[in-house]
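Participant: Given next are the chains, with one letter for each unit.
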Amino acid sequence: MRIIIVGNGMVGYKFCEKIVAKFGPGKFDIVVYGEEPRPAYDRVHLSEYFSGSTADDLLMAPASWYQENQIKLVTGEMVTEIDAEKKTIQTHKGTTDSYDKLILATGSSPFVPPVPGVDKDGVFVYRTIEDLNDIINYGEKIKKAAVMGGGLLGLEAAKALLDMGLETHVIEFAPRLMPRQLDEAGSSILKSKLESLGIKIHTQKNTSEIAGNGKVTALSYADGSELDIEMLVISAGIRPRDEVAQKSGIEIGPRGGIVVDNYMKTSLNDIFAIGECALHDNMIYGLVAPGYEMAEVVIDQIAGEGTREFTGFDMSTKLKLIGVDVASFGDPFTDPEISHTIVLEDKIKGIYKRINVTRDGKNLLGGILVGEASEYNMLLQMVQNSMVLPPNPEDLILGARGGGEGGALGGVESLPDEAQICSCENISKGDIVKCITEEEITDIGQIKKSTKACTGCGGCTPLVADLLKLTLEAQGKVVKKTLCEHFDYTRQELFDLIKINNIQSYDKLLDKHGKGDGCEICKPAAASMFASIWNEMILKQDTIQDTNDRFLANIQRGGTYSVIPRIPGGEITPDKLIAIGRIAKKYDLYTKITGGQRIDLLGARVEQLPEIWEELVAEGFESGHAYGKALRTVKSCVGSTWCRYGVQDSVTFSLEIENRYKGLRSPHKLKSAVSGCIRECAEAQSKDFGIIATEKGWNLYVCGNGGARPQHAQLLAADIDKETCVKYIDRFLMYYIKTAEPLQRTATWLNKLEGGLDYLKEVVVHDSLGIGEQLEQDMQLLIDKYECEWKKVVESPELRKKFKHFINSDEQDPALKFESSREQKVPVDWNK
Amino acid sequence: MEEIIALKEHMVEEAGNIKTWFKAAAVEDFPENGGACVKYKDLQIAVFNFTRKKEWYACQNLCPHKMQMILSRGMIGTQGEEPKVACPYHKRTFSLKSGECLNAEEHKIATFPVKIEDGYVYIGFSK
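Protein sequences appear in the order of chains G and D.
The first sequence begins at 1 in our numbering and counts up by one.
The second sequence begins at 1 in our numbering and counts up by one.
Because the hints were derived from the structure by calculation, they are not lab data.
One thing to keep in mind: the hints can contain errors.
[Stated by the list, open to error] Here are the simulated DSSO-like pairs of lysine-lysine, each with C-alpha atoms no more than 27 angstroms apart in a straight line:
id, chain 1, residue 1, chain 2, residue 2
1, D, 97, G, 449
2, G, 801, D, 41
3, G, 320, G, 144
4, G, 449, D, 91
5, D, 54, G, 804
6, G, 449, D, 108
7, D, 23, G, 804
[Claimed, not checked] Taking CB as the label site, the calculated pair distances span:
id, chain 1, residue 1, chain 2, residue 2, range
8, G, 465, D, 105, 17 to 23 angstroms
9, G, 438, D, 105, 17 to 23 angstroms
10, G, 496, D, 42, 48 to 54 angstroms
For every residue, glycine included, the Cβ atom is placed at its ideal position computed from N, Cα and C.
Let's have the full structure, built from the sequences with the hints guiding it.
Facilitator: If you want it as structure tokens, here you go:
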């Protein structure tokens, strides 16, 4: 049987993936025509293209996948005609092809409202990677841009513009943002959150003209007002791509869309339509999950079983819009006749939650969550499975109060087996439990691989993790956070075992307390513990170190390493600056200032590292430990030495702190900063531990984080002197080092610490466990044993020998390739 | 696209078909419980010394995920009984017996037989 798929978008691709998964490659003769130049990519995560993902990262599967699965993929060719009598199609290039079954997965195109001026330069739509490239190129020349449309996609586009550094406006015709998903109150909370991020939002604006001479310079509204802009991105909804269907005599809905029945059959024989081009029961589904379900239905038809039906789809969504959680599920609005509504609104925190409950208070109909949506998965399950509500349904959104355990939401255990856990791939709780039990799965990665759950939007990952834990517990398997398959201990238990039994080597640890041969999880975790307990030179056991620690440098794209000498507090003499410049020039290294007030030298080959360091050490530099899960930098402002506002000498203190803790290895990296006054120029409140000068002394903040989940550090002690500050830091760091999970930053550690900050204060400040002095002694041992690792290597011919690419040749790695960018060398792209 | 060509030239070498045993280096040159990269003609071969198990394995040095010449610098270990190497870049792990990727959908890597004679490490090739 020959199957032709018209369109290679997400749904068209999914059809291929599912049919191959079901029947294996080669069972059918499958041909895919896509008009875009590249294979199907992930449009849902399109905005990541602006924040660093490449077009290749976004591919659903590389071109080789189609080949391996014996699917013929024709890109850059648009199907323009269908002859349903002869069962043939024709493309714009004149190619004809014949089919037994034809699947239309033509998707949609952006709807461009008929406003005068839409053809001007600087007006774009937001749909394809080509659109994005155009927006990026045009955006480089301008400062001020607007998005027309305040729906889901429009706000995604606004995020992209914001990422490009542009002044960003959003124009919405309706009185509120996301009018289809949110009510007025929810929308207004979202609006103020987005405004606080710098996006300017204009609702109830009917654009009457896009003004400008050749290129856009302003928008004119029907109310007479105007907005000056230099670029406009239109995201005003979608239009199903039904041109080819219409031309070929297939029935089209009055407002567009290819009419299909519950089996996705169009009005002509052997022609199906799926995804955003299909009009089912007067609905166009603009999400991927229903499209994937439609693909399943068609495969069922082709397989000859033909029992599966598409009967509509839940349009619930949860997403993070520009860092703000937004969710809308079930029926978000509901009729007051049949329901009553419970609302929680907190304008200070920017949280809005609404649930709609049946009049009898027994079932949940739907709701809206803005600002905080952790309950989304469970609430959605309650709607979809018509579960009976607890006696006080308001507890569902109020969460736990009064320090009690857990909220009113039952856990994943209360869900029936039919409950859909992964909506992208339509996988039920029963499917996952079965997979865990039958395949004896013990980690979430295996579930992903076996069932494909969590591989779409990833929103179900927490639920799946809970389900795994629960299923394992039900099987009587102990669910302890053991390190990995080689050690049945938690990190904290192993830490104590290493210390009590005076274990200094990984082999001995494995012999005494482990099994098997270790792996890439337990080896670096053990290496970190050895370093945090004994602080011996880490290259004594180089093969248990992660590659950065093994070569005392950070591996970069292409296989070279970067070098960061320590510059305590960011203070450096002109002579030392010159030395760094001279060395960088000599070895042709790319140089860049880091976020931690030091200088990164990139592009060193592995065999060059000892030579480069020999010169750096000779100039008085030490290792910066940028490669280690260790103390990185202690950033500082110039403080009272120079600054007219400074109240204390922050530079001196930051130098003292950095020199005290340099080389300290910990479960994850440690960053610190010292600010000379309340203006906080060193950003100490974003660090693992940060110090801010006061009139009376110093305030100590702990457990802050930048990165993917920024979190402000919290005040541990106020107005303390330097000595007390150092004492508390000693205790805090050692307590963290002893008790954290592997690779857990201080912020996450505190979030999971029972009793939270109050408890930490008890331990560190009030010494409630009576271990204060011990912690200080443990720290002192590590400080006393500090040595610069690079100095050791430079001085040891034995250690220097480890730094080469080939064991049987002194040649360099011939695979290293560089190109030039802004007068410096950079590695060639990964995939070139 | 040299790397990709190099990948195609790597074949899984079966012990029976070996025509050439390449003398790579002395046993003591290799790190214990770790790997090193051997140059053979235009190929880069990662050789791993499982000191604890007294076993040796060899595979292509190229990680198929991002096409980087790196696997010899990866940490080794076992998953159940399967010896494996973890790529330093993104921790893709590969079986050193079958070459299969154990934790993601990646191309299989080529593996080669290793023998130890008179204190030297030899890698087997079928041509």
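Participant: Hints first: check each against the structure and report whether it holds.
Facilitator: Cross-check of the supplied hints:
| no. | hint | in the structure |
| --- | --- | --- |
| 1 | D/97 with G/449 | holds, 21 angstroms |
| 2 | G/801 with D/41 | holds, 23 angstroms |
| 3 | G/320 with G/144 | holds, 24 angstroms |
| 4 | G/449 with D/91 | holds, 16 angstroms |
| 5 | D/54 with G/804 | holds, 24 angstroms |
| 6 | G/449 with D/108 | holds, 16 angstroms |
| 7 | D/23 with G/804 | holds, 19 angstroms |
| 8 | G/465 with D/105: 17 to 23 angstroms | holds, 21 angstroms |
| 9 | G/438 with D/105: 17 to 23 angstroms | holds, 21 angstroms |
| 10 | G/496 with D/42: 48 to 54 angstroms | holds, 51 angstroms |
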